[in-house]
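Next come the chains, spelled out residue by residue.
2 protein chains.
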Amino acid sequence: MIDITFPDGSVKQFEKGITAMDVAKSLSNSLAKKVLSAEVNGEVWDATRPINDNAELKLLTWDEEGGKYAFWHSSAHLMAEALESLYPGVKFGIGPPVDNGFYYDIDLGDKVLHEDELKKVEKKMKDLAAQKNEFVRKDISKNDAIEYFKGKGDEYKLDLLEGLNDGEITFYTQGGFTDLCRGPHIPHTSHIKAIKLLSIAGAYWKGDEKNKQLTRIYGVTFPKQEQLDEHLVMLEEAKKRDHRKLGKELELFTFDDDVGPGLPLWLPKGAIIIEELERLAKKVEKEAGYDRVRTPHLAKDSMYYTSGHLPYYKDSMFPAMECDGSTYYLKSMNCPHHHKIFDALPRSYRDLPIRLAEYGTCYRYEQSGELFGLMRVRSLQMNDAHIYCTKEQFEEEFKAVNDMYLKYFDVFGIEKYVMRFSTHAPEKLGEKYVDEPELWNETEEMVRDVLIKSGIPYQEVADEAAFYGPKIDVQVWSAIGREFTLATNQVDFSQPRSFNLSYTNSNNEPEIPIIIHRAPLGTHERFIGFLIENYAGNFPLWLAPEQITVLPISEKFGDYARKVLKYLNNCDIRCSIDERNEKIGRKIRDAEVKKIPYMLIIGEKEVNEQKVAIRKHGEGDQGTSTVENFVASIQEALTINK
Amino acid sequence: MIDITFPDGSVKQFEKGITAMDVAKSLSNSLAKKVLSAEVNGEVWDATRPINDNAELKLLTWDEEGGKYAFWHSSAHLMAEALESLYPGVKFGIGPPVDNGFYYDIDLGDKVLHEDELKKVEKKMKDLAAQKNEFVRKDISKNDAIEYFKGKGDEYKLDLLEGLNDGEITFYTQGGFTDLCRGPHIPHTSHIKAIKLLSIAGAYWKGDEKNKQLTRIYGVTFPKQEQLDEHLVMLEEAKKRDHRKLGKELELFTFDDDVGPGLPLWLPKGAIIIEELERLAKKVEKEAGYDRVRTPHLAKDSMYYTSGHLPYYKDSMFPAMECDGSTYYLKSMNCPHHHKIFDALPRSYRDLPIRLAEYGTCYRYEQSGELFGLMRVRSLQMNDAHIYCTKEQFEEEFKAVNDMYLKYFDVFGIEKYVMRFSTHAPEKLGEKYVDEPELWNETEEMVRDVLIKSGIPYQEVADEAAFYGPKIDVQVWSAIGREFTLATNQVDFSQPRSFNLSYTNSNNEPEIPIIIHRAPLGTHERFIGFLIENYAGNFPLWLAPEQITVLPISEKFGDYARKVLKYLNNCDIRCSIDERNEKIGRKIRDAEVKKIPYMLIIGEKEVNEQKVAIRKHGEGDQGTSTVENFVASIQEALTINK
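Line order of the protein sequences matches chains S and D.
Here my numbering runs 3 ahead of the position in the first sequence, where the first position is 1.
Here my numbering runs 3 ahead of the position in the second sequence, where the first position is 1.
Isolated chain S (complex conformation) (with noise of 0.2 Å):
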């Protein structure tokens, strides 16, 4: 017999050699069902596979991770069965599952696959479904295997077994497929029953521009088809939403072959965001007592010495200048910097916490085929900010960090959000964590309590801290339910170290201060991006870079309509005015593609009542008022920021 223990910490016996589904039957039918696969001690295993000793339990379905993973890793694979089905001889590269659904690169040789064909395989992966064929694990020599793809001909596979140990290959058969596979997979086929292929692209094999071109299938599946149909209309809604696209659009940023791809310049409207949003960041973190610093965008390699980005961070660096007989780079990170404004005044614990903030631009090197609109790029204008202090003030001030957080979801409306909380693993101390067990269990221990007490919803995942402490990484969903990582929150017991940081504590002795790392609103890059999708363009009014337009309807309406854009511009209200000769059904049109929130209508009515006739973005007639009463009534969502 063996011991299984579930996450309440509860313990039963079974036989050894139990799988998951087994212990899930006999918890429960109709739970077995919907089990995808399982953890067992901290690894995503097939829910199938037999487990011989003492192990954690955890069944997971389609809400968990771990089970979606395995949803998609078993359509990978019922996608090539399909294709070698309708095309016979197919070679089959790598078919992962990703965040949003799965891919598979295949070569077709001569053949060009057609998006319009698509269709016919997922008629065809749909029905290889319904036959409900298990996904068969087996252990498998190396010899064996390369015999196998031999046989078949695929030397992508034959590649990948070239890097593999004998003893540790595993294959995967459904129905009549069988692949090269790590696992794990799904119970059976018929748990897929809503299937779309979204596109096709070109891929490189292992991603070198020196081999062949693949051809990647893209696709998503869910156990049930309205799943599947509100994840098409999030799809295509994020279409419309694109930041790439909105943001040409509103004219918010641009990029330039000559300055540079993930170099994006800001054009009048997006510094527009830019600035609001520091003018809240500065306010918010005025009042919680940060002291604002400006550095330099480049230091001596020395310093990043120092810190640690070279020599293992300088892939993602900018290359190094050398003049005089010195070494620059341009920082990737206002860490260091911070550091040694820190250090350049004697510190006392009087002085303690001591909260840096600064909006500095870090360059980093993104692969350029990694960049991706304001996504990812180049040049980030970091609300960064580094907080020093001792272990005593260190719980109080994570909160503090926290609750900042938590405010920012609110002013931008962001209601699904949760923190992932990745700690050490006491194993690997000395290794891939700096070997401090005490300071580890105690910062960690004061973390999850920060998480708890404050009830905001967070994941904990052992073994992915940052070497120097635990971290915090910060997920939001947009309001068309896509996740972003917005920013991270870490805790740092070494570069203090490093940079030989210290402070005289009460008994006139030096101490070493903790840092947090923190940036709440992330970059301006990545937060605006993600707010052009989350508002869909339609930002808030304190936001919007333009906030109300005049619109006199004919010219002769003209004196009184500049008077209430003079009325506006006095009250510090962005606006304009549009004096154009055209029909007020083109100018209030063209007003709602500028996403403009609101519209002052002056026609006769309007002049002789001195009033104006407001229109809302995409709500439209608000009724008549005065300007002075209109104004007063907006004052709040004007005033949000000020």
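Don't take every hint at face value.
It does not matter which identical chain is used: a pair holds within one copy or between any two.
[Unchecked claim] Derived lysine-lysine pairs resembling DSS-like cross-links, with alpha carbons at most 27 Å apart:
#1 K289 / K272
#2 K272 / K286
#3 K569 / K285
#4 K569 / K122
#5 K272 / K285
#6 K272 / K303
#7 K303 / K317
#8 K569 / K402
#9 K19 / K61
#10 K129 / K317
#11 K303 / K248
#12 K209 / K129
#13 K289 / K597
#14 K286 / K566
#15 K289 / K598
#16 K456 / K598
#17 K303 / K251
#18 K196 / K242
#19 K566 / K285
Calculated directly from the structure, the hints in this document are not laboratory data.
Starting from the known structure of chain S, fit chain D onto it as the hints suggest.
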């Protein structure tokens, strides 16, 4: 007879070979006594040099730059004469006039000159000056010149002679001393009444550290003793106000070896000043119709080849970063980035003028020997903007920029300033200047007109314009009378062409805009350096990093003192409290050292009366008041920038 034209346009006839001094004497003997040199056809000459052709003549006295220049140049010769008489065999390098005096680089062989020996040299100079020796100019052949310095054994002068052409060489002799020199010089030595040798430094021959190090002696002279006395007081005051010293004492900024020379790190108190200046600039620029933009700190080389920074400005740029076959440079100016933003959208004459503003940090590779505190740095946070306008709009735009300068002079109490207006030279069109004779004349005329109309003091200097248009250098004097070049203001008709910028004019044709480059507050680095000296660190209330400190006389009054602090905090005042267990005298002294504008002292009387005792930095006791009334009384000084 020749025609002599005077600055007022009047013309008089004189005999050929007349000197400026003769002309002066013919006008007024008392004037002649003050004449130090003369501008003949735009070139500064000895007042005693014969004029053989029709000429434009301006007599120069101590009040003109050309007069001072000759005075200090002659003083360098006088010092050389004194040195030669005291230290026979001394060899001479170069001895030019500089901004505030002169120096001479000398080689004393094995002798080391000590500061206390300078008195002896000064004494000798005075004796020689009193001899009223004339400065006598003499043309000399290259051979004879070489013969002369071979005779003296002065290898430095021989080295200089190598670079000169026969027929262009002149000697100047006064008393017993003869020097290789182009001149010009003052008529005789007895103009030099007040003499001070200031310091001794080392200087490599020709600035090359592979050469021998010579001894450089700095000095300054004046026509009157009281002028020297004033100057020495100013120097003493400048030492006290030294921005490097005060910057450290007031914890405004720091430098760090690991970051690099010339790259200031702004500490929290310095960053407050930066933030306040930016708030002011953004407000002023918003009111003036500027749009803000944000651009990255680097770009590909192709952009800098278009702008002409490459190859012409390459030595002043940080070296290239090569990645993935592209070459990137840190930006040394913001203009090309702004041009790209202008070019990112189609522009119509209706959109113009477009004014793009950015506090863009530029990076320039100044030689390490040139770096000086905040005055010469490698990272420059620039109050930059570029105005794109039509020819018709130019005058109004240029005037608005000048008005902005005047506004700032007023805000910062800058009473003495001058705009140095540099124009082109028609004969150099197509070489030194872009070949647009009409545009040059038109814009120079417009600029001149604006300057005259606005009553701004200006000097016009021919043949010193930028390649692409006329420019204005703005020179200001600090409270102690030191001169700073803060900013330039340039007209540009070249870059719009290079960048292919255009807008659609009212005839629906493409037209090229004119650009105005402007940066009224210069860079944060230089401007704050100037402000530190200008205010002696006593920043006006709105700029002061710490505005008010609350000083309880003993801990008994802590509760009330903290209530006062809270009130100040709520009024958005940058305030602190000194609750140390120290005597009130000590607390006041420490606050005075920190130059905090106001101290609110809280003792028994103040608690009983619910008031505060007000003490102003540098001025002492200001009586008592309720904190509410006190804050009301300083509201204007606090809110200049809100």
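Check: So which of those numbered hints doesn't the model satisfy?
Finding: 4, 10, 12, 16
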